[in-house]
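Engineer: These protein sequences, in sequence, are chains A and B. Heads up: the first sequence runs through residues 1 to 345, numbered per the numbering used here. Heads up: the second sequence runs through residues 1 to 345, numbered per the numbering used here.
To be clear, the hints were calculated from the coordinates, so they are not data collected in a lab. Be a bit skeptical, because a hint or two may be false.
Copies of one chain are not kept apart here, so a pair can be met inside one copy or by any two copies together.
As the list claims (entries may be wrong) - Pairs of lysine-lysine residues, derived as DSS-like cross-links and limited to a Cα-Cα distance of at most 25 Å, are as follows:
(1) Lys319 x Lys4
(2) Lys278 x Lys4
(3) Lys11 x Lys285
(4) Lys11 x Lys114
(5) Lys142 x Lys11
(6) Lys113 x Lys11
(7) Lys285 x Lys113
(8) Lys11 x Lys72
(9) Lys113 x Lys167
(10) Lys167 x Lys285
(11) Lys113 x Lys300
(12) Lys285 x Lys142
(13) Lys278 x Lys113
Residue-level listing of the chains:
Number of protein chains: 2
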Amino acid sequence: MFGKGAIDGLKDILDRRDGYKVYLIDGYFRDRDILDSLPIEGSDEVIFVDTTSEPSTADIDSYRDFLVEVGKGSPSTIIGVGGGSTLDSAKAVANLLTNGGKAEDYQGWDLVKKPAIYKIGIPTISGTGAEASRTCVMTNSKSGIKLGMNSDFTIYDQLILDPNLTKTVPREQYFYTGMDTYLHCIESLNGIYRNAIGDAFSNQAIELCREVFFSEDMMSDENRERLMVASYLGGCAIANSFVGTIHPFSAGLSVVLGTHHCIGNCITMGAMEQFYPKEYEEFFKMAEKQNIEIPKGIAKNLDRETYKRLYDATIVHEKPLSNALGDDFRDILTLERVVDIFKSM
Amino acid sequence: MFGKGAIDGLKDILDRRDGYKVYLIDGYFRDRDILDSLPIEGSDEVIFVDTTSEPSTADIDSYRDFLVEVGKGSPSTIIGVGGGSTLDSAKAVANLLTNGGKAEDYQGWDLVKKPAIYKIGIPTISGTGAEASRTCVMTNSKSGIKLGMNSDFTIYDQLILDPNLTKTVPREQYFYTGMDTYLHCIESLNGIYRNAIGDAFSNQAIELCREVFFSEDMMSDENRERLMVASYLGGCAIANSFVGTIHPFSAGLSVVLGTHHCIGNCITMGAMEQFYPKEYEEFFKMAEKQNIEIPKGIAKNLDRETYKRLYDATIVHEKPLSNALGDDFRDILTLERVVDIFKSM
């Protein structure tokens, strides 16, 4: 369901689904107006997702445990309302409730065996593509590795894309998150493993990003609508392709320094001219046009051990790195070169 | 599932689904090689769909009756293999088996009340978008009106898009059917009712059509892959927009003269310069580039009563016509003008 005010259609969908519902809502919205537009009933359960850190497998386990404890472990529907972290958390909880065990049991490819609880995604910020993708990224609380439950069962059954919901996003965050779409699409299009369907989604998403970020007001009604579509198409693109070098470095920042995913990508981009020269130029032109500052120097003066951890957390992403650089990516991305890249961010 | 050889993945999907399956396969493939690549088992039922005429509500009722009679009325999965007529037939049968009644009971918007049988779509020709749309067009055997079961339940649960399957399509048919995507996308983009998501799908589909039909060999491996993606995106576009004047006139040809949908669109295009001048020019350049002849004069010398029937079967399409021409489309499309348009095709 798409368009301004589409959120009003949620009640109709839920009325047709017997039984109580569970909402996972970005903690940012606690005590905010958005709650009034959700048809929450007395028998429903609401979990506010703390998005200070990105979701961990322990977080997902604890949401499930809580729901079971309060007798809300078999909802008819799970509704995720928020950004990538919240949308991913809702997907993971929906899988876990029907499949049992622990969240980490399903980190990988096609490990989810049973259909999840029916779920509805309602993004409140555009860019991550979490509303469309077949994964839900979690940091493993033990190993520290970021990996999702890649499965057809992870895909939302219904989406409500309402551009009214992104009106109050802070400008910086709007830019950083929107750029997630632009960046993973340019990574896909520059990769070795490509296909016509991934390319088509990526091309159209990039086109929309350009319209939005080269315009005078990236947050006009029309542009928030466009970016919502771009995010959705970008999510479809990810589902059919691989990222490149940006996301692995950004994941390194997340795991070792706790940097959030989207700003981490933008920071990483500052050191990516060597891999994506044309896109590097375009990216910083868009940032300049929108008067957005990209933080610099975040990984400049770290100790040797931290750089080693950054290297490890980056180089572990074999699929995207070999997509970008070929199978001998380890010869290209030596420890020294990786450290230099982090230093130059 | 997408790519050359993707059809080989069908067995894996079906192995995970207990119970017998029902295949609806385009009658064209009876005794052809394609059957060898389908994992049909002894307990499964196969229906060959006669696509001489487009599907009628009576056809759908009779497929359902047959399945119930032979004790195959509750399959775990329905698999549709073919072009638009076959894919639409499979969708309609899947709805009818769980909802009961007659096919005509569900012609309209959101009349299907229960989820359909799980269904997998495997297109063998590109262009109609039936693999992606939320409708299944049928001619009502009593009223003669063409109308689909527009419903979220009509959407395929799984698609297999394998460009190997379109290798043996005759060149003319490949062009006519592929053009269905191009034409409904230009109708959408020239319409009054538009939105960012429909526009995005349409723009990308048109871009791919141009690549295919302005190339030296529209049926190369890469181009068959592109057109398969264009068709899918075009189907997504329809689901989010309306067509314009071409499809109503083409529907008139179908209902009154029995012309097939895709060639009917191309024939109609010959009289559409007044509504779509730029696209008219581009369309005929593509036809020329591919050395495809568009039949002329099909509705030139008909009697007055037949013209009146053509007019009635065209003007009944209120939504697309008001999308193209505004609410006073009846004042613009007078009987005389409509007759002139049919005569000039």
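Engineer: Hint by hint, say whether it matches the structure.
Structural biologist: Right, here's what the structure says about each hint:
{"no.": "1", "hint": "Lys319 x Lys4", "result": "between (38 Å within a copy, 21 Å between copies)"}
{"no.": "2", "hint": "Lys278 x Lys4", "result": "neither (35 Å within a copy, 32 Å between copies)"}
{"no.": "3", "hint": "Lys11 x Lys285", "result": "neither (42 Å within a copy, 49 Å between copies)"}
{"no.": "4", "hint": "Lys11 x Lys114", "result": "between (27 Å within a copy, 18 Å between copies)"}
{"no.": "5", "hint": "Lys142 x Lys11", "result": "neither (40 Å within a copy, 37 Å between copies)"}
{"no.": "6", "hint": "Lys113 x Lys11", "result": "between (30 Å within a copy, 17 Å between copies)"}
{"no.": "7", "hint": "Lys285 x Lys113", "result": "neither (45 Å within a copy, 51 Å between copies)"}
{"no.": "8", "hint": "Lys11 x Lys72", "result": "within (20 Å within a copy, 37 Å between copies)"}
{"no.": "9", "hint": "Lys113 x Lys167", "result": "neither (38 Å within a copy, 35 Å between copies)"}
{"no.": "10", "hint": "Lys167 x Lys285", "result": "within (24 Å within a copy, 44 Å between copies)"}
{"no.": "11", "hint": "Lys113 x Lys300", "result": "neither (44 Å within a copy, 60 Å between copies)"}
{"no.": "12", "hint": "Lys285 x Lys142", "result": "neither (40 Å within a copy, 62 Å between copies)"}
{"no.": "13", "hint": "Lys278 x Lys113", "result": "neither (43 Å within a copy, 51 Å between copies)"}
Hint compliance for this structure: hints 2, 3, 5, 7, 9, 11, 12, 13 are broken, all remaining hints hold.
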